[in-house]
Amino acid sequence: MNPYNYLYVAGLLFTIGAIGVVVRRNAIVVFMCIELMLNAANLTLVTFARINGTLEGQVTAFFTMVVAACEVVVGLAIIVTIYRSRRSASIDDASLLKR
Amino acid sequence: MNALTLLGLLPLLGALLVSVIPNDQVIRIKQAALATTLLVALSAILMWFNFDAANTSYQFVQVAEWIPSFGINYAVGVDGLSLVLILLSVLLTPIVVLAGWNESEGGRWSAKVFYILILVLETMMIGVFAATDVFLFYVFFEAMLIPVYFLIGGYGSGERAAAAVKFLLYSLFGGLLMLASIIGLFVISSKNGGATFDITKLSEMHNYMSSTTQNLLFLGFFIAFAIKAPVWPLHTWLPDAAASATPGTSVLLLGVLDKVGTFGMIRFCLSLFPDASKTFTPIILVFAVISIVYGAFLAIGARDIKRLIAYTSISHFGFITMGIFAMTTQGHSGATLYMFNHGFSTAALFLVAGWMISRRKSSTIADFGGLQRVTPVMAWSFFIAGMSSLALPGLSSFVSEFLVLVGTFTRYPVAAVIATFGIVLAALYILIPVQKALHGPTTPGNENLADLNLREKIAIGPVLAVIIALGFYPAPLLNVINPASAHVIESQGFSDPLPSEGAGK
Amino acid sequence: MVTSNSLVYLIALPLLGATILLLAGRRADKWGHILATLMSASSFAVGLYQLSAMLGRSTEERAISQKLFSWINVASFQVDAGLLLDQLSICFVLLITGVGTLIHVYSISYMAHDENRRRFFAYLNLFVAAMLLLVLGDSYLNLYVGWEGVGLASYLLIGFWNQKPAYATASKKAFVMNRIGDMGLSFAIMIAFATLGTVSFVGVKEASHNASQTALTAIGIMLLVAATGKSAQFPLQAWLGDAMAGPTPVSALIHAATMVTAGVYLIVRSNFIFDAAPTAQLLVVIVGAITLLFGALVGTAKDDIKKALAASTMSQIGYMVLGAGLGPAGYAFAIMHLLTHGFFKAGMFLGAGSVMHGMNDTVDMRKYGALRKFMPITFVTFGLGYLAIIGVPPFAGFYSKDLIIETAFNAGGAKGIILGGAALLGAAITAFYMSRVMILTFTSPQRWDEDAHPHESPILMWLPMAILAIGSVTSGFLFARGDALAHWLQPVFGEHGAEHSEEHLFSPIVVSAMALVAVAIGVAIAVIKYQLSEVAATAPENVSIFTRIARKDLLQDSFNEAVFMRPGQALTRVLVKGDDVVIDGAVRGIGRTALGAGSALRTSQTGFARSYAALILIGAIALIAGIWVVTQ
Amino acid sequence: MVFTTPVLNYAQLSPILIVLAGAVIGVLIEAFAPRNARHNSQMFISLLSLVSAFAATVSIRKQAGVDAAMNSVAFDGAAFLIQATILIIAVLAVFLIADQENFTALAAAIPGSQEERESLQKDLRVTEVYPLTLFAVAGMLLFPIATDLITLFVALEVLSLPLYLMAGLSRRRRLMSQEAALKYFLLGAFSSAFFLFGIAYLYGYSGTITLSGIQQSIVGGSGNDVFLLLGIAFLSVGLLFKVGAVPFHAWSPDVYQGAPTAITGFMAAATKVAAFGAILRIFYVAFANAEWQWRPALVIVAIITMLFGSVVAITQRDVKRMLAYSSIAHAGFLLAGVIALNKSGLDASIFYLFAYGIATLGAFAIVTLIRDAAGEVTDLNRWSGLGKRSPLTASVFALFLLTFAGIPLTSGFIGKFSIFSAAYQSGSTAILITGVLSSAIAAFFYIRVIVLMFFKDPVEDGTSVVLPSALTAIAIAIAAVVTIVLGIFPAPLLSFIESTAFFIR
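Chains as they are written, first to last, in my numbering: chain A, 1 to 99; chain B, 1001 to 1505; chain C, 2001 to 2632; chain D, 3001 to 3505.
Careful: at least some of the hints might be erroneous.
Claimed, not checked - Chain B side only, calculated, beta carbon under 7 angstroms to chain D, not exhaustive: (1) Ser1069; (2) Glu1142; (3) Leu1172; (4) Phe1186.
Claimed, not checked - Dumping the calculated SDA-like pairs for lysine to any residue here, alpha-carbon to alpha-carbon at most 20 angstroms: (5) Lys2205/C / Asp2275/C; (6) Lys1191/B / Lys3388/D; (7) Lys3062/D / Leu3017/D; (8) Lys3343/D / Lys3388/D; (9) Lys2067/C / Val2008/C; (10) Lys1361/B / Gly1445/B; (11) Lys2067/C / Ala1469/B; (12) Lys3343/D / Glu3498/D; (13) Lys1191/B / Leu3380/D; (14) Lys1278/B / Thr1212/B; (15) Lys3343/D / Asn1479/B; (16) Lys98/A / Leu3341/D; (17) Lys1361/B / Ala1469/B; (18) Lys1278/B / Ser1495/B; (19) Lys2030/C / Pro1068/B; (20) Lys98/A / Arg2602/C; (21) Lys2067/C / Phe1472/B; (22) Lys2529/C / Ser2507/C; (23) Lys3456/D / Pro1376/B; (24) Lys2164/C / Ile1432/B; (25) Lys3343/D / Ser1210/B; (26) Lys98/A / Leu3380/D; (27) Lys1278/B / Ser1210/B; (28) Lys2067/C / Tyr1074/B; (29) Lys2552/C / Asn2542/C; (30) Lys2552/C / Asp2275/C; (31) Lys3388/D / Arg1108/B; (32) Lys3388/D / Asp1024/B; (33) Lys2529/C / Asp2303/C; (34) Lys2067/C / Tyr1473/B; (35) Lys3122/D / Val3091/D; (36) Lys98/A / Leu2601/C; (37) Lys2164/C / Gly1445/B; (38) Lys1278/B / Ser1211/B; (39) Lys2164/C / Gln1435/B; (40) Lys1201/B / Arg1108/B.
Please keep in mind that the hints were generated in silico from the structure rather than gathered at the bench. Using N, Cα and C, we set each Cβ at its ideal position, and we do this for glycine too.
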C-alpha cells in the first residue's frame, strides 16, 4: 500500500482535530481534539519513518506520547479546577478576559 | 578636558548641585541654578573669544569612541553656525531663570525639579548643537524632548498636558522618521568604507546613493526638522505648546529648541544630501513662503497673546527656512543670524508677555489695554520686542531679515517678493496687539498692575540691549557666521549669483 | 571724496537726547524739554558749521562723507554705516534741524500742560535723529534705516495721545501704510543688489551707466512706491489725514515740513536712476499730478483745520513729486518748493496749533471766525504763510510753485499741456481752499462755542511762527534769485542739472500770469462763498454728492476697506478657522483614526478561546498559503 | 541497527542539570519539609540553583560544540548569551515571586469557598511555584540550544506546562486567573500540535531530525518541497505562538492580564527570550538556505505584528493588557532581527532580548506595587496622579515606558536602532518603515500613561503604592540601572555580543 495514504489520513485526522478545537465547547472534548491532532502528527512521523527508512520518526512518536501524557496531567488539573470553580466545563463560559 | 565637553557638563553639575539642596530652600535652589547658568554663559562667551572665525573646520573638537560596534563616537566640535546657536542657548538660559524666578511655583512639582529640568535641558541644547556625530546629535535631539515635555506639562497653564503630549508626539514622529534615515545612512556607510556617523565622512556618502534613496533619506531628516522648526503645515503643535508652557519654557522652546530644526537643515539636510536638497528646494521654498504669510495671518487673527507670538515665530521660521534654501551666502548668513536674533526678540516678547499675563491673570489680548500709562517700562519692553519682531531697521532682526530677503532675491526673486509682503503683515500683527494691550483707555482691572520690578528689569535689560546693539553692529556675529555660510554654499557647489547688470549692457 | 569725522554728531546729538529722555523717565520731567531743544539746536549749529565749511570748499569738494563702521558685510553684500553730506543733504539737514528746533521751542509751551511732555520731546529728538539719518545715509540701506526710523517716530507721535482709540488706530494706520511703501524700498534695494551688485548711492550711480533700462525702471518704480508711502502720494495717501491725531507741532514738523517730503528726497537723490528710466519718470509725474489735484480737492471739503492743511500738504508734495518727475529740469525746483513749503506749511500748522490752543483744542473751522482780532500775531504769521502757499508774489510759494508749473508746461507735447494744466488747476483750487481756511478762521463772523475764550499764544509759541513767517516771505526770493539753489544743487544732478529746456511752450511771464489768474479766481470764489455769505457753525448735511465724496477723502478709505481690509480680515478668519479645522483637524484625525483602528481591532479579542483557536488555524492556513504562493 | 552508548558532556549541560536538580529538590521539599519552613528553603534553593547555573554557564562560555548530548544540543556563543539572559531574568523573577502577596494560598481551593478563606487565614503559601519556575527555566534553557526536533519539542513542553499552571495561581480575581490558565493551556497545546505536525513534515522532508541535517537537505534540494513548506509553516505556527506574533497572539493579552503579575513578568520576559533564541537558531541554522520561501511570509507577519500591537495598545485601559499588546509589538520588532538573517541581526536580537527582557520584568514589578485593599490595581484610570503620590515609582515606570518607546539614552533605543539597521542592511525597507511608523504609534500610548501618572490629579480611591519588599526593590533597581546603563554605555555589551554570538552548525 502506498505509504502516502497514511499521510492523507493523518492530515485528515489533524484537520478534524483542529476543526474540533474550534467548534466544540466542552473543554474536555476540545482537549481530546488536541490529542487527536497530536496523534495525527504521530501517525505522520511513523509514516515518514517508514518512508525514509529511519528510526527517528518512531522515536519521536514515543516522546510525543510521553509528552502528551504530561499534558493530560496538567490539562486535566486545570480543567478540573475551573470546573470546580464554575460548575461548568464550557470554555465559552470562561470569557471574562477580553478586549 | 575639552572645553566644549566641559561646557556641556557644567549645567549637569549644576543640576547635581541643585538636587542636593533641600526642597524647602527654594531661594538657594534658584540661586544655584542662576549661578550655574551664568557661569555657563560666561564660559561660552570666553569660547567665543577663543574661536578662530577664519577657520571653517570644527574647533574645540573632541572625539572619543562611544559605541564602536556601530562606529558611533562621542564627537563634538563647533563651527560658526553651531557656536552662534550655543551662544544663543546659554545666553538665554540665565535670562529665563532670572525672568521666570517664580515660574516654578504654579507647577505640579517642586521648584527643584523645575530647575533640574532646565539645567538638564541646557546640557542637551549645548550637546545638540555641538554634536558632530549624527547619532550623538540624534540622541540629544530626542532626549531633549523629555525635559521640555515635563516643563510644559508640569509647570504650564491651561491645557498643559494635552499641549505637552502634542508637542512630544509631533517631535517623536519626526524623530522616528529621522531615525529611519539615520539607519539608512548607517547601512550605506557600512557598505561603503566602514560604518560611521561622522558628519564629515557621511557627507561623502551621497556619492553612493541612488537619487531615490537620497531623496527618501533627505525627507526623513527634513520632515523631522520641518516639524521642529515648524514649517507649514507641520506647525500646529507650536501654538498649543507655546500657549500652555510657562513663558520661560516658551522662550527656550521657540528661541532655542526650534532652532535645532533650522540648524539641522543646514548641518544635515544640505551637507548630507546635496542633490536631494536641490531637488526639493522649489517645494521647500513654497512651504517657507506659505509659512511666512500664513503665520503672519494667523498671528493677526490670534486672540491669545502667547499664541500670537507663536504664530509670528512660524512666520519667522519661514524666513529662516527660505534663507537656508536660497543657497546664497547672504541668505545663509541671514538665516543663521536670524536664528540668533529671533531667539532674542521672541525671548523678549515671551518674557514680557509672561509678566503681563501673570499680573493680569489672563492671556487674552483684549483683556489688556492702556498698559503704556499704567506700566510704562513693561509696555516699552514689549514695544521694543515687538518692533524687533517686525524687523524695524536699527534692531537686530532687520539685519537678518533683510539679508535673507536680499539673498533669496538674487536667486529666487518670486519667493523673495512674496515674502516681502510679510513685512507689511508683520506691522499688522505687532501693532494690533500693541494697540489693544498698550494703547487705548485703561481697561477695567488693569488700573493697579505693577510695573516691572528690579529683577525683571535686570532680566529684560540685556535682551533689549542685545536686540538694539546687534541691529546697529551685527559684525561680531556676522564675522563668525560668514565663513561658515560661505563654506556651506561652496561645498554645495553653489556660488552667489553675480550682479546681472555688472558686466554692462 | 573728502572725508570727515564730525558728520555723526549731527545725528548723535538728538539721538543722545532721545536716549537720555527715554531712559531717565520721570526723573527728566523738569529739564527734558530743555535738553531736547538744546540737542536739536546744537545739531542745527553743527549743520550751520558744516554749511560754512562746505561753502569754503570748491564745488567739486563740497560733498563729504564719513564711514562709521562696517555694518552688514556678507560676501558681496557690503554695506557700511556711512554718512554723506552733499549739497542736497545739507539743505535737508538745515531744514530738519532748523524747523525742528523752532518746533521744539514752540512745543515747550504748547505741550506745557501735558504730563508726558518729556516723552514727547524724546520722540521729537528721535525723529530728528532718524530724519537726519535718512538724508545723510550714503546708501539706500542706510536711508532705509532712517526711513523706517522716521516712520517709527511718526507712529509714536501720532499716537502720542493713544489713550483715545481713534488716535491709536490712526498711528497704526500710518505705520502700516508706510510699511507698504517701505516694501517698495526693500524691493528697490533688492533689485539694485541683484542687478547692480551694490546699494550705495555712489555705487548705484556708477553702475547705472552700464545698466539696462529694465533694471533701472524696476528700481525706479519701486522707489516711487516707497515715495508714495512716505510722502502720502496717491495711492498710499490715506494715512496723512488721520495722522493729524498727533499733537499739532508734530503735524508741523513731520507731516508738513520734513518727513513727508522724504519721498521727494528719495526721488531726487535717485536722479541717476530716473534720468535713465523714462517709464518710471512718467509714473512719477502721473502720481504727482494726480496727488496734487487729489489733495487739493480733499482740502476744499475739510472743516477740520488740520485736515485741511494736511490735504494741502499732500497736494503740495504732489507738486514736488511732479517737479522731481520732470527730470533734470525739475529736481531743483522740487527741492526749492520742498524748502519753501517747509517754512510756510510748518508756520501755518503752528498757527493752527496756536488757534487750537486759544480755542480749547477745537479743530472745526466752522466753530472759528473773527480770530484776527484776538490772535493778531497768529493771524499775521498764518496770513503770510497763506500768501506764500497760494503763490502771491513775492512770497516764497510764488517762486517755487511757478517754476514747477512752468517746467511742467515745458515737458513737451500733450504731456506738458496735461501736467501744466493740472498744476495750474491745482493752483486755483489751492487758492480756493486756503482762502477758505483763512476766511473761516480769521475773517468771517465768529461762530464760537460758548465756552471759548480765544487769546494770543505766549511768546515761545509765536516766536517760532514769526521766524517761519519770515522764511515764508523771503526764502523763495533767496533761492530763486539767479537760480541760486539750482546752481548750488547742480553737482548732485550732474552736468545737465538746472539747465532749462530749449523749447518753451509759454514764456515764464505768461505762465506766471496764468498762475496768478488761476489764484485770483480761486480766492475770489472763496471770498464770495465764505466771506460774503453766511457760514453755518455745523457742516450742512444736504450737500452734493461731490462734496460728500470730498469730505470722505474721495472715498480712499472706503476703497481701501472694501478692497484690502475686509477681504484681508475675511481671509484671516478663514485661515484661523482653517488652521484649526483643516490642518490641526487632519492631525487630530490621524490620532482619531489610530484610536478608531485600535478600538475596532480590539473587538477581535472576543474572550472566547475557540475564536482564538480559529485565528490560529486561519493564521496557519494563511502562512501555508503565503509560503506556497512565494514558492510557486 | 547499532545502538551506541550516549556520551554526554555534562559540563555543557550543567546549567540545565543544576536547574533541574533544584526543581527536583524543590519537589522533595514540597513533599517532606514542614509547611512553615518551605517558603524560605524553596526560595533559597531556587536562587541557589539559578545562580549556580548562571555561574556554570559563564564558566563554560568559551566551549562550543554539538557533542554535549549526541548532537541533540549545541552549545555556542549565542546559546551562552541566551541562557545567561534567561537565568538573569529568572533570578529577578524569583525576587518578584518571593513577594507572595500575589499568589493564592491554596490553588486547589474553590474561589470564594470556606476552604479558601481558611487557607488565607492560616497564611498558607503556594510554595510549589518555585519548583514550577525552575522546571520552566530548565525548559527555557534547553529550548534555544536544542538542535534536534525531539529535543525542541520536549523543551517546548517542559517550558510551557509549568507556565500553564503558574498562570492560574493568582490570589485575587481567581476566576480570571484560572481562565487564563485554561486558555493558555488549550491554545498552547493546540499550537504545540501544529509544532509537532511541522516536526513530522520536516522529518519527512529531510529524513533527519537534526537542524543541520535539515539544512543539508535544503542545500541538497533533493526532498519534497511540499513537505518542507508544510514543515516550516507548521513549525512557525508553534514558535510564533510562543512569542505572541499576530495572528497567533490572541492568548497573550488574556493570559498576561489573568496571571499573577510576577508570573506575567517572568513569562513575558523569559519565554520571549527562550522562544526567540530557538527561532533564531532554527531559522538561522536550519532554514537559512530556504529564506526565499519563508522570508516574505515572515516579513508580513512581522509588519502585521508591529502595527497590530501598537494600534490596539492605544485603546487599552488595563496596564497589564497594555503591556501585553506592547509585548506583541515588540515581538514584531524582534522578528525584524530574525528576518535580517545576518550576523548583525543576531547580535541585535540578543541585545534587544536582554534589554527588553530586563525592562519588561521591571515594568511588571512596578505593577505589583500599585495596590488597593483588594490587591493590585491594574486599571489605568486609577493610576492617574501616581507621579504625585509616589514620584520615584512613577519615574521608574516612566523610564521603562520610555525604553519600550525607544527614546534615546535608554536601552530600548539602542536595541531598536541595532535591530532596524540589521533589518535594513538585509534589504528590508518595508520593515524599517513599518517599524518606525509603529514606534510612533506606540509612543502614543506610552506617553499617555506618562501623562496619566504625571499630569493628572490623583483619584482618592484608596489606591496606594506599597513599599516594595527588599527583593522586589532590588529587582526593580537592577532593571532600572541596566536600562539606563545600556542606554548610555551599550558599547561593552554590544562588543561582547558581537564577539561572542554565533551559531554552531
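*Against the structure shown, which of the earlier numbered hints fail to hold, in ascending order?*
6, 8, 13, 15, 16, 17, 19, 22, 23, 25, 28, 30, 35 and 40
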